Amino acid sequence: MNVYSKHETRRRLLKGFPDSDMLANLVGQWFHTPQGQAVWQAEKALTDPLLSRLFGYHILQIGCNEEFSLVTESPV
Numbered sequence: 478m479n480v481y482s483k484h485e486t487r488r489r490l491l492k493g494f495p496d497s498d499m500l501a502n503l504v505g506q507w508f509h510t511p512q513g514q515a516v517w518q519a520e521k522a523l524t525d526p527l528l529s530r531l532f533g534y535h536i537l538q539i540g541c542n543e544e545f546s547l548v549t550e551s552p553v
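Per the numbering used here, residue 478 is the first one in the sequence shown, and the count goes up by one each step.
Calculated from the structure, these hints are not laboratory results.
Fair warning: there could be bad hints in the mix.
[As the list claims (entries may be wrong)] No farther apart than 20 Å at their CA atoms in a straight line, the calculated lysine to any residue pairs in the SDA-like style are these:
hint: 1; residue 1: K492; residue 2: G513
hint: 2; residue 1: K521; residue 2: E544
hint: 3; residue 1: K483; residue 2: Q506
hint: 4; residue 1: K521; residue 2: R487
hint: 5; residue 1: K521; residue 2: D496
hint: 6; residue 1: K521; residue 2: S497
hint: 7; residue 1: K521; residue 2: F532
hint: 8; residue 1: K492; residue 2: F508
hint: 9; residue 1: K521; residue 2: S546
hint: 10; residue 1: K483; residue 2: S497
[Claimed, not checked] With beta-carbon atoms standing in for the labels, derived distance ranges:
hint: 11; residue 1: R487; residue 2: K521; range: 38 to 46 Å
hint: 12; residue 1: P526; residue 2: R489; range: 38 to 46 Å
hint: 13; residue 1: T549; residue 2: Q512; range: 40 to 48 Å
hint: 14; residue 1: Q512; residue 2: V553; range: 38 to 46 Å
hint: 15; residue 1: K492; residue 2: E520; range: 13 to 21 Å
hint: 16; residue 1: A515; residue 2: R488; range: 45 to 53 Å
hint: 17; residue 1: K483; residue 2: N542; range: 17 to 25 Å
hint: 18; residue 1: G540; residue 2: L491; range: 39 to 47 Å
hint: 19; residue 1: V548; residue 2: G513; range: 13 to 21 Å
All values derive from a computational prediction rather than experimental measurement.
Positions of the beta carbon are idealized from the N, C-alpha and C atoms, including for glycine.
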């Protein structure tokens, strides 16, 4: 994933380049902020107890960054 400077991000947005890589990068950067970490930890605290009790052969998590997975406690 590319890391864009604030200037490059602003330039791309103003020129109409909100591509998926850039948007995923921005969300990934946000998850590294204190607010993003708080949201991720709250979501993980809610999903971990549920996922640890469920079993199946497949699991799907849709997101922008593998680093912030919510399905690590799943036995799948």
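Hint-by-hint comparison with the structure:
no. : hint                       : in the structure
1   : K492 with G513             : 27 Å, violated
2   : K521 with E544             : 13 Å, holds
3   : K483 with Q506             : 11 Å, holds
4   : K521 with R487             : 31 Å, violated
5   : K521 with D496             : 28 Å, violated
6   : K521 with S497             : 25 Å, violated
7   : K521 with F532             : 18 Å, holds
8   : K492 with F508             : 25 Å, violated
9   : K521 with S546             : 8 Å, holds
10  : K483 with S497             : 17 Å, holds
11  : R487 with K521: 38 to 46 Å : 32 Å, violated
12  : P526 with R489: 38 to 46 Å : 40 Å, holds
13  : T549 with Q512: 40 to 48 Å : 22 Å, violated
14  : Q512 with V553: 38 to 46 Å : 30 Å, violated
15  : K492 with E520: 13 to 21 Å : 33 Å, violated
16  : A515 with R488: 45 to 53 Å : 30 Å, violated
17  : K483 with N542: 17 to 25 Å : 19 Å, holds
18  : G540 with L491: 39 to 47 Å : 27 Å, violated
19  : V548 with G513: 13 to 21 Å : 18 Å, holds
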